[in-house]
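Asks: Each chain is listed here by its residues.
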Amino acid sequence: MAIAPIQRVLIIGAGIAGMQAALDIANAGYEVVLVEREPSIGGRMAQLSETFPTLDCAQCILTPRTVEVGHHEHIRLRTYSEVEAVEGQLGDFRVRIRRRAAYVNWEVCTGCGLCQEKCPKKVISDFERGIGPRKAIYTLSPQAVPNKPVIDRQSCIYFERGKCRACEKFCPTGAIDFEQEDAIIEERVGAIIVATGYDLYPLSLLGEYGYGEVPDVIDSLAFERLLSASGPTAGQVRRPSDGAEPKEVVFIQCAGSRDPELHKPYCSKICCMYTAKHAMLYKHKVHDGQAYVFYIDIRSAGKRYEEFVQRAMEEERVLYVRGKVSRVFRENGKVMVWGTDTLSGQNVEVAADLVVLAPAMVPKAGSDVVAELLDLATDEHGWFTAAEANLQPVETKRAGVFLAGAAVGPMDIPETVAQASGAAAQVLSLFAQWAERNGNA
Amino acid sequence: MRKIGIFVCHCGLNIAGTIDVQRVVEEIKKYPGVAFAADYKYMCSDPGQALIRQAIADYGLDGIVVAACSPAMHEVTFRKAARAAGVNPYLTEIANIREQISWVHQTQPEEATRKAIETIATIVEKVRYDEALVPFSLPVVKRALVIGGGIAGMTTALHIADAGYPVVLVEREAQLGGKMRQLSGLYLNFDAAPDLLETKIAAVMQHPNIQVLTNAEVVELGGYVGNFTVKISSRFQVPGYKLQVPGSEIAQSGINPQPETLQPETLQPETPQPETFTFDIGAIVVATGFDLLPKSELGEYGGGRPPDVIDGLQFERMLAEGEIRRPSDGAVPKEVVWVQCAGSRDPELHMPYCSKICCMYVAKQAMAYKQRVPDGQAYVFYIDIRSQGKGYEEFVQRAMTEYDVLYLRGKVARVFEEDGRVVVYGVDTLSGKAVEVQADLVVLATAVVPSAGARDLAQRLRVSTDEYGFFSEAHPKLRPVESLTAGIFLAGAAQFPKDIPETVAQASGAAAKVLGLFAQREMVQEPTIAFVDEELCAGCGLCVAACPYEARVMHPWKPIAVVQTALCQGCGACVVACPNKASSLRNLSTEQLLTMMEPVL
Amino acid sequence: MRIAYFPGCTLNTTAKGFDNALRASFAALGAELVELPEWNCCGATFPLLVDNMLDLVAPTRVLLAAQRQGDRLAVACTMCYNVIRRTNNRLRSDADALEKLNYFIEAEYRGGVEVLDVLQILRDDVGFEAVQAAVKKPLTGLKVAAYYGCMVLRPPTEVAYDDPENPHALDDLLRALGAEPVEWPHKAECCGAYLAVKSKEATAEMSYRILSSAQRAGAQAVVTNCPLCQFNLDKQQLDMGRRHGGYQPVPVLYFSQLLGVALGLDTADFGWERHYVDVRPLLESLG
Amino acid sequence: MRVKLSAMRVRNDLVRRIEELSGQDLLACYQCGKCSAGCPAAFAMDLLPSQVIRLVQLGLVEEVLNAKTPWFCAACQTCYARCPKGVDLSRIMEAIREIALQERGDYLVIEEIPAEELAEFPQLAFIGGFRKYTA
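Protein chains in written order, with the numbering used here: chain A, 1 to 441; chain B, 1 to 601; chain C, 1 to 287; chain D, 1 to 135.
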């Protein structure tokens, strides 16, 4: 190499995977550029209520991490930003990052929240999975890191009709800047970690389950928001249609997973456990409620996982029914679920108040773009492919580019964290070798 | 008297929405010792921090209380800000009026405001008696010890060694490779395990930074993170395996392995004698792997007696040797039954947990069997098929559709020998039929258990295990590769059953933790830990027993207890245990606690 | 050695031979079985319902009778052993139940009696070596299938004094007597027990599986310690040939009978005439 | 026929009664089927032993009361001895028999047994049978 390799890493995605890798590398004294598409970091985990199998509050264990990342002297946080171009190779990648216009000057903004309070435009929040509102100027959550809002240009009244500017009027520091434009930032790094995470399979593709048609059919992340103390119902389980407390709740696993013919052939790995958790937490909140879980195989393979599911059955009286649900529809104010119990050989029907679907996990929207930018291989479903599945699970075929977390495929939090640290180890090894070489040179 | 400044944060409406912040400021201003009080929308923001720095300068403050969110959020932030203005960070404290007050008392603003004032007052009392402290710094020995030479241990060792640090790799067996040595091929591609493994072993053996000790075990551990002293006993070294790394490497680092008992030249290869080596070590990775539950534990499956009832690893050996022949008479088995959950998911009689790897290796074995014996019939009895991993589900579906493996949902009740066959009493809960297979060979997917001796090792290392002997991680979600003991990390199946990809990823993760530790010039230790008042200590030793971190020891000759500062976590167990009030926490003394209580009583 | 002894109803009637052979053999081995002076039927099934205290009364009375004689009770019938032992377990672990039952029987059973199966006593107190030493007419060349049934094995934690999946106490005894126990897989499979009363077909099928397995393993006789198993296995053979063409009956004996034979005792009252499949030709063939 | 599941059905009185009488936690059963696989009388049953538990888990007690299976359980305890969850199925069977006997009367009518057979039965078969088959 002609010039000294750069001991700085780019991490794409600031969910729990990206943050873990960032902290491991930054704590070893190297610089990290952490790019996140959303306005704040934390990823999917920030949406969760409690975590299995300990039922720790997700926010409580996540917040110290996000704060640490936000304050770390070696981590350069680039939120609301996307990687646009990557050139170069191992030791010297040149990266172009586009920071989207937030229409808020973050240098001046104190994050006081007044703008969000005063903004007259309410829209459905993606973060709340469609069951809660946000304003046109918003942060993802009160604990957002960084705690700075962005204006969503599509829903802002001013951008639409040329007047309003309520936020600007009330902002005590004059941080609103409607003229702000996207900024281009150039970074040079020696290695790259891809930690782009996952999305949920669009349930509109599963017509038989009534999602989108029946308001009381929601997805699992929406149920997380329902359970979350910081969610739209402040942790009360209420069904979307009429705000009533649901007494019979059906959880349907494998909604789009293990379905090679129509949807995704693979198992999404995490649903069995979070569904057991959902049923359990539901019972904690609605003591006289009845929870049903329709499954094909219960996949509780992990430390204290099996015991956790057994607890859901024994202590929380959750009824597990082995069989895939065939149809969900609305009738007489109830959500009818047609399923089967392959163990007794009986077809069953539940008149439910709420149905929670566990959709297949799919690669994060836009990860195909990242794959192209970095010239990385993906499998037929769009998941990033490791150099060798067994012995090189975090390496890619491209030197200096590594993988972390659910960008590779469905993965739960502990596995994600361990694997993200694994990616960090790869980078640290490289940097240490370069340090030796640079030192000798 | 200390001049204390109070800074009350609104946190937008998070605090100010419930608590009357102005009133808090006015009331607390009147409290003895308070020289300044102010509020601000977001104290953690740059203007907020500037406010603090300015007030320190203007009013000569030497104690700071920030009334805001949990200290877990911003203690570091405010201590940094105070330090920049010349106030010792340990004289800066947080009064948590958000999580503990405004959020939980949203409907009672009046009471919340009163509680906020009282809470701040308690912290004022604390700051009044806080000492200005300086963090300890400790040197780090940049050599790692990896215990276990399986795929996990080797992966970790290579990462650390590649980064330029010396590694001592200890393996109990005569050869490296661990359980992977016994495997034939790997799922999903039937890659030959021995080839992949040999490459790894060669890389380890040839690595100038790795010292391999086979036939060796850790016998004693002293010290603490960054500065462990480890004694390793090696029964004998197999020729061809390295005993020493190049001398220069060791000499440079200034720490030689010190054979304590025998000089190597006195060793006779025929009569191996134990040697003991002592190493200074900065970080330890435990990668001791797993064993299988002995078949003798499973009486209903023959209790280990029928020769044609074997376990998963025995079948791997058959596959590796190329020919599938049953042990009893060497015949090629035409009907083979795999029994999953043999001892797993059985809280009543065996192991309550799922062993995680069996579903996949059984599918692989059944397919490999069919590749070798195309006219054979393979049956798999299962409770739930757990093929959760990239490409795993598809793999199992291939076993069913391409290899015609018959999956039967039900736990096998009995396996016995009769008329030269192995009879399997099973069930198919899906058709509702009890079934029987006259098999030629039965493979039990026996439960995965911790490696023999794991518990003893854990005791020697002073790390905790779960009730089965798997090493406990520091946090199940966010700290999966760390043990609860600082400086000791976990890799692979020593923590819980794991397949190879997960093991490798996690072993790399453990390496990252070691590299992070070694990257620091020295370790910084919080000074808010316990100390012993020598005048008051009677040397009763109760605190030694009470300390969960092994941070308390008796003085070598004086009748007093001493604190091993590097190990102390400041939990306060010793304070409670001490009958003489000789144990105390820095900046949380008993006197301090008592005065802190006064404002709320 | 003297030990209080509970023969049970069946050993007083249809299984009299079991009882006679057992007492004579024990006496010959220097162990005396002292029949409880007053005893009643144990109830023949251990009550499986939580609220069924009434059915515990009978076995508690037996325990009370035993308590008057000492702290150990030998039981010959495996069903009785199972019922009395489990009752005893319940009373020992459930103070409330003990109090209720004592109130009911107007006496004080204290829970101190150890309930033992006679085979267990033979193994642990007499010792199979001592048995072997006392053998006068070794059963050399006799291939036998030791059959344990259910009652001394299950539930394992409550009643088993042997490996519940692969028991061997009876095999060991038979070996000590000079016989050759065959290895066979059905030594602990259920014969159908009281299903015989209602469903002859089911019992016949269950018995057939056991008997045919024993014969495939080369057994010339099946040896058991359970009077109900003995009855089922023996009786069902009468028309087994009709269901399973070519079936050849096999004698089903009590272990005490073979014990007495090997010890060289007078076997006249061993109840040979009560067997459905005649045992005598086989014994005579031994010489 | 589609069975309508509801909290009311899955927790109906008969289900509770079976749990109370047997002292067993029905939902502790995770349907591995080991009981069925080892049951020596399964060949004569119309429902597998594990299916009996399953139906009760679903609240379908009537089907179980109508089934032959509980009457073919010999209480041999093979299932319980091997159950990974420690469910004592023989107690559940007993509870089902008890309910059936109370609701529907004796299962065994003594007059139906031929006199000569009756004379031959050992006491314990006789008493045991009557305890299991009559109220």
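Think of the hints as simulated: they come from the structure by calculation, not from any bench.
Watch out, some of these pointers could steer you wrong.
DSS-like mimics (lysine-lysine), calculated; alpha carbons at most 25 Å apart, straight line [to be verified]:
{"no.": "1", "chain 1": "B", "residue 1": "Lys433", "chain 2": "C", "residue 2": "Lys137"}
{"no.": "2", "chain 1": "D", "residue 1": "Lys68", "chain 2": "A", "residue 2": "Lys324"}
{"no.": "3", "chain 1": "B", "residue 1": "Lys433", "chain 2": "A", "residue 2": "Lys324"}
{"no.": "4", "chain 1": "A", "residue 1": "Lys247", "chain 2": "A", "residue 2": "Lys285"}
Take a look, some chain A residues computed to stay more than 12 Å from chain B by CB distance [stated by the list, open to error]:
{"no.": "5", "residue": "Arg65"}
{"no.": "6", "residue": "Phe127"}
{"no.": "7", "residue": "Pro133"}
{"no.": "8", "residue": "Asp177"}
{"no.": "9", "residue": "Ser230"}
{"no.": "10", "residue": "Pro260"}
{"no.": "11", "residue": "Ser268"}
{"no.": "12", "residue": "Arg299"}
{"no.": "13", "residue": "Lys303"}
{"no.": "14", "residue": "Gln433"}
Glycine included, each C-beta is placed from N, C-alpha and C at the ideal position.
Asks: Work down the list of hints and note, for each, if the structure agrees.
Replies: Against the structure, the hints:
no. : hint                : verdict
1   : B:Lys433 / C:Lys137 : 49 Å, violated
2   : D:Lys68 / A:Lys324  : 30 Å, violated
3   : B:Lys433 / A:Lys324 : 21 Å, holds
4   : A:Lys247 / A:Lys285 : 11 Å, holds
5   : Arg65               : 7 Å, violated
6   : Phe127              : 18 Å, holds
7   : Pro133              : 17 Å, holds
8   : Asp177              : 17 Å, holds
9   : Ser230              : 10 Å, violated
10  : Pro260              : 7 Å, violated
11  : Ser268              : 8 Å, violated
12  : Arg299              : 5 Å, violated
13  : Lys303              : 4 Å, violated
14  : Gln433              : 6 Å, violated
Checked against the numbered hints listed earlier, the structure breaks hints 1, 2, 5, 9, 10, 11, 12, 13, 14; every other hint is satisfied.
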